[in-house]
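**Q** The residues making up each chain are set out below.
Protein chains: 2
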Amino acid sequence: MVLRVFNTMSGQLEDFKPIHDKHVGLYVCGPTVYDWAHLGHARTYIAFDVIVRWLEFKEYSVFYVQNITDVGHLTTDTAEDKIVKRAIERKVEPMQLVEFYMREYFKDLDALGVKRPDISPRATGHLLEMIESIQELIQKGIAYEVDGNVFFDVSKLDDYGKLSKIKLDEMLEGSRFEVHKDKRNARDFALWKRATSETVLKWWSPWGTGFPGWHIECAIMGLKYLGSQFDIHGGARDLIFPHHENEIAQSEALTGKKPFVQYWLHTGFLKINGEKMAKSLGNYITVREALKKYSAEAIRLFVMSTHYRSEIDFTDERLKGAETSLARLYNALESLEDAQTVSVHREPNEAETKLGESVENLREQFVNAMDDDFNTPQALAALFDMSKAINRFLDEQKQVSTTLLEKVYDSFSGLGKALGIFQQEKTKAVGEKLVDDLVKLLFDLRTELREKKEYGLSDEIRARMKQFGLVIEDTAEGPKWKLA
Amino acid sequence: MVLRVFNTMSGQLEDFKPIHDKHVGLYVCGPTVYDWAHLGHARTYIAFDVIVRWLEFKEYSVFYVQNITDVGHLTTDTAEDKIVKRAIERKVEPMQLVEFYMREYFKDLDALGVKRPDISPRATGHLLEMIESIQELIQKGIAYEVDGNVFFDVSKLDDYGKLSKIKLDEMLEGSRFEVHKDKRNARDFALWKRATSETVLKWWSPWGTGFPGWHIECAIMGLKYLGSQFDIHGGARDLIFPHHENEIAQSEALTGKKPFVQYWLHTGFLKINGEKMAKSLGNYITVREALKKYSAEAIRLFVMSTHYRSEIDFTDERLKGAETSLARLYNALESLEDAQTVSVHREPNEAETKLGESVENLREQFVNAMDDDFNTPQALAALFDMSKAINRFLDEQKQVSTTLLEKVYDSFSGLGKALGIFQQEKTKAVGEKLVDDLVKLLFDLRTELREKKEYGLSDEIRARMKQFGLVIEDTAEGPKWKLA
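So the sequences go chain by chain: E and S. The C-terminal position of the first sequence is numbered 484 in the numbering used here, with every residue numbered one higher than the one before it. The C-terminal position of the second sequence is numbered 484 in the numbering used here, with every residue numbered one higher than the one before it.
In short, the hints are calculated from the structure, not lab data. There could be a bad hint or two in this list.
Note that the list lumps identical chains together, so a pair holds whenever it fits in one copy or between two copies.
Claimed, not checked - Below, a list of computed lysine to any residue pairs in the SDA-like style, where the Cα atoms sit at most 20 Å apart: (1) 466 with 21; (2) 292 with 439; (3) 257 with 373; (4) 82 with 352; (5) 466 with 319; (6) 107 with 118.
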C-alpha cells in the first residue's frame with residue numbers, strides 16, 4: 001500500500017510522492033528558546049519523530065531541518081521579543097538565555113527519544129540571507145519600506161490565504177493583525193522591523209538597524225537547506241495562520257515556484273485535564289517535570305495513542321495507563337527473548353505456524369494503519385494484539401522453533417522500534433553489588449579449581465584480578481575487595 | 001594570597017585584577033567543528049575548565065564565551081575551508097556536518113566533566129557584525145578592499161606583533177603568510193575573502209559574495225559578548241600567532257581602546273608518546289576513544305598533573321597511573337565517609353588535632369599553588385599528601401570526633417571538587433570497565449574449563465552470571481554483557 005498523508009493545503013488525504021525519488025526534505029518549525037520545553041512541544045516533536053521514523057521504515061532517506069528561533073518572535077499582546085523580555089527579567093544576556101534553553105531543549109528531546117534533526121539552524125545565523133531576500137522582494141515590488149520597516153504587500157498575491165482558507169473579509173474583521181501606521185493594508189506583515197533605542201537584539205541593514213520578522217526566518221531557512229520546493233513542512237496547528245501562510249507567500253514570491261511545499265502536516269493541540277495548558281491556569285507542565293513522573297517511552301506511547309492531527313488530552317490517569325501498556329509490550333518482548341534461550345531448531349509445528357500467520361496479519365494491519373496518514377492509534381492496537389497473541393502462545397508452549405521465534409521477534413520488536421519504543425537500555429547503574437557478585441563467583445571457582453588441583457587456573461584468577469586494580473582480602477565473611 | 005597569572009603579553013606573572021570587581025569576562029577560542037574532538041582539545045578545555053572552577057572557588061563570577069567556528073577556518077596547505085572540504089568528502093551539507101560534530105563535541109566535553117560556556121556563539125551567527133566592523137575598518141583607513149577581498153593593513157599599527165613578539169623581518173622570512181597578489185604587504189591578513197564559483201559557504205556583502213577571515217570571527221564575537229575590553233582571553237599556544245595577534249590588531253583598531261584583553265593565557269602542546277599527535281603518524285586519539293579506555297576524571301587528573309602552560313605527554317602508562325591515583329583519592333574520600341558513620345560527638349583528641357592542623361596546612365599549600373598561575377601539579381601533590389595523612393590516621397583510629405571528620409571531609413572533598421574531580425557517582429567509580437574485566441576473565445576461564453572438559457564448572461559460570469542479572473552476548477569482539 002502506498003503511504004497517504006493528509007495535506008492541510010488540499011484538506012485531503014493524498015498519495016505521498018517525494019520530489020526526488022526516495023529522498024524526503026522535511027522542515028518542522030522549531031522552538032523559540034526562551035523557556036523550558038513543555039508537553040505541547042513534546043507532542044509536536046514526538047509526532048514528527050514518529051513520521052520521520054515511519055518514512056525511514058519505508059526506506060525513504062529523510063533530510064530533516066528544524067530551526068531554533070533566537071530572535072524576532074514577539075509576544076502577541078505587547079509585541080516584545082520573547083527572548084529579550086525573559087532575558088531582562090532574569091538579568092542575563094539574551095544569547096546566554098538562548099544558549100541555556102537551547103541546550104535544555106535538546107536534552108529534553110534526547111531524553112524523550114526524539115531523533116535530532118540533521119540541521120538545527122538558528123535565525124541569527126541567517127540574517128544576511130534574510131536581508132538579501134527582503135531586498136529582492138522590494139526589488140520585485142512585493143515588499144515596501146517605510147521609515148526603516150519593511151512590509152510584505154499581500155495585495156500583490158492572488159492566492160494569499162490558500163493554506164489557512166481564511167477569507168480576506170473575515171481576516172479584516174478579526175484582530176489577528178499587528179497594527180502599524182506605515183502598513184498599506186492591515187494584513188501586510190513585517191519582514192524587517194526598525195529598532196528603537198530600547199531594542200536589545202538589533203542588526204545593521206540597508207534600512208537601518210533592526211531585526212527580522214518571525215515569518216521570514218523559517219521561509220529563509222527552509223529555502224536555504226531544502227531548496228525552493230520541498231516535500232513536507234510541519235508544525236503545530238496554531239502555526240497555520242499567519243506563520244505558515246506567510247512562509248508560503250514569501251517563498252513563492254521569492255522563487256516564483258509553486259508550490260513551495262508539497263505536503264503541509266499539522267499536529268493537533270494538547271490539553272491538560274480537558275483545559276488549555278497555560279501558566280495562568282496553573283496546569284503548565286514542562287517535559288522535565290513530566291520525565292520525573294513518567295518514563296520517556298510512556299510519554300511517547302501516550303502521544304501516539306491519539307492521531308497526530310487530533311486534539312490530545314493529558315491526564316495523570318492516561319499517563320499511568322501508558323506506563324502499564326508499555327510494560328505489557330516489554331513483557332512480551334522479554335518473554336520472546338527468554339523463549340529464544342530454550343528454543344529448538346526444527347520446523348514450526350501447527351500452533352507455531354498459526355502464530356506466525358497471526359503475527360503476519362497483525363504486522364500488515366500495523367503497516368496499513370501507519371500508511372494511512374500515520375495512524376498510530378490503530379497501529380498500536382495491532383501491536384497490542386500481537387503482544388497478546390505472543391503471550392497466549394508462549395504460556396502454552398514449552399519449547400518453540402527457533403526459526404518461528406526469530407521471525408516473530410523481528411516483527412514485533414521491529415514495529416515497536418519503528419514507533420521509537422523498545423529503545424530503553426536495560427542497563428541500570430553498574431553497582432558495587434554486581435562486582436561483589438562477580439568477585440564471589442570468581443572466588444568460588446578458585447576454591448573449586450584448587451580442590452581439583454587446577455592450580456594454573458586458580459592462580460590466574462588472583463593475578464588477573466590484581467591487574468584490574470582489585471585488592472582482595474579474605475575475611476571471616478568471605479573475600480572482600482577494594483580498589484588498589 | 002592574591003591570584004597571579006602568567007600573561008603571554010608581558011611574559012610575566014601578574015596579579016589578577018578584573019576590570020569589574022568580582023566579575024570576570026573570559027573568551028576561549030573554540031573548536032572548528034569538522035571532526036571529532038581529540039586529546040588536544042581535551043587538554044585545552046580541561047585546563048580552562050580548571051581555571052574557571054578556580055576563579056569560582058575564589059568567588060569570582062565568570063562569564064565564559066567560547067565560540068564555534070563553522071566557516072572560514074582554512075587548511076594551512078591548500079587554503080580550503082576545513083568544514084567544506086570534509087563535507088564534500090562525506091557528501092553531506094556543510095551545516096549538517098557542523099551540526100553533527102558540534103553536538104558530539106559538547107557530548108564529549110560534557111562527558112569529560114567540562115562545564116559548558118555561558119555562550120557558544122557560532123561564526124555564521126555573526127556575519128553582519130563582521131561586515132559592519134570590516135566597513136568601519138575600511139572607513140578608518142586601516143583596511144582596504146581589492147577586487148572583492150578586504151585586507152587588514154598591518155603597517156597602520158605601530159604595535160603589531162606585541163603578543164607574539166615576532167619581529168617584522170623575522171616574520172617576512174618565515175612562510176607563515178598567505179600569499180595574495182592584492183595584498184599591499186605580505187603580513188596583511190584577510191578580513192573578507194571573495195567567493196569563487198566553487199566556494200560553497202558564501203554570503204552577500206558590500207564587496208560581493210564571499211566569506212569572513214578566521215581572525216575577524218573571534219575578535220567580533222569577543223567584542224560583542226564581552227565588550228571592548230575584557231579580562232582573560234585563552235587558547236592553545238599555537239593560536240598566539242597569527243590568530244590572537246590579529247584579534248588584537250582588529251579589536252584595538254575598531255574600538256580605539258587598549259588593551260583589548262588584560263590577560264592572555266595559553267595552554268601548552270599535547271604529545272602522544274613523545275611525538276606530535278597527527279593522523280599521518282597514526283597516533284591520533286579522539287576524546288571518544290580515550291573515554292572508552294579511561295574514566296573522565298582520570299583524563300582530567302592526567303591533564304592537571306602537568307602545568308597548563310607546559311607540554312604534556314600522553315602515554316598509556318601515565319593514564320593508567322592517573323586511574324590508580326584517582327582510585328586512591330576516592331578511597332580516602334570513602335574512608336572518611338565510612339568513618340563518619342561511626343564517629344562520636346566529642347572534642348578532638350591530640351591525634352585528631354594534629355591531623356586537623358596537617359590538613360589545614362596542606363589546604364593552604366593547595367590554595368597557594370592554585371593562586372600561583374593555577375599550578376595544578378603542586379596543588380595535586382598537596383591533595384595526595386592530604387589523602388595519605390587521612391588514610392594513615394584512619395588506619396590507626398577506631399572512633400573519631402564528628403567535628404574533626406566533618407572539617408577534614410569538607411577540606412578534602414572541597415578541594416577535589418574545585419579541580420572538577422569527586423563528581424563521579426560512587427557506582428560509576430566502580431566502573432563498567434571493572435565489570436568488563438571481570439566478565440572477560442570469567443569467559444576466559446569458561447573457555448579453558450571447556451577445553452579441560454570441566455563442563456560442570458563452565459556451566460556454573462553462565463548460570464550464576466544470569467542470576468546476577470547479567471545477560472551475556474557473544475559478539476565478534478568477544479562477550480558483551482548487559483543487565484537484564
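**Q** All the hints need checking, so say for each whether the structure fits it.
**A** Status of the hints after comparison with the structure:
When the C-alpha separation of residue 466 and residue 21 is checked against a cutoff of 20 Å, the pair qualifies neither within a copy, at 59 Å, nor between copies, at 48 Å. Within a single copy, residue 292 and residue 439 get their C-alpha atoms as close as 17 Å, which meets the 20 Å cut-off; across copies the closest is 23 Å, which misses it. Taking the closest pair of Cα atoms, residue 257 and residue 373 never come within 20 Å of each other, the shortest separation being 26 Å inside a single copy and 62 Å across copies. Taking CA atoms no more than 20 Å apart as the test, residue 82 paired with residue 352 passes in neither setting, with 60 Å inside one copy and 57 Å between copies.
Proximity of residue 466 to residue 319 under the C-alpha cut-off of 20 Å is restricted to the inter-copy arrangement: shortest distance 18 Å between copies versus 33 Å within a copy. Taking the closest pair of Cα atoms, residue 107 and residue 118 come within 20 Å of each other both inside a single copy (16 Å) and across two copies (16 Å).
The earlier numbered hints that this structure contradicts are 1, 3, 4.
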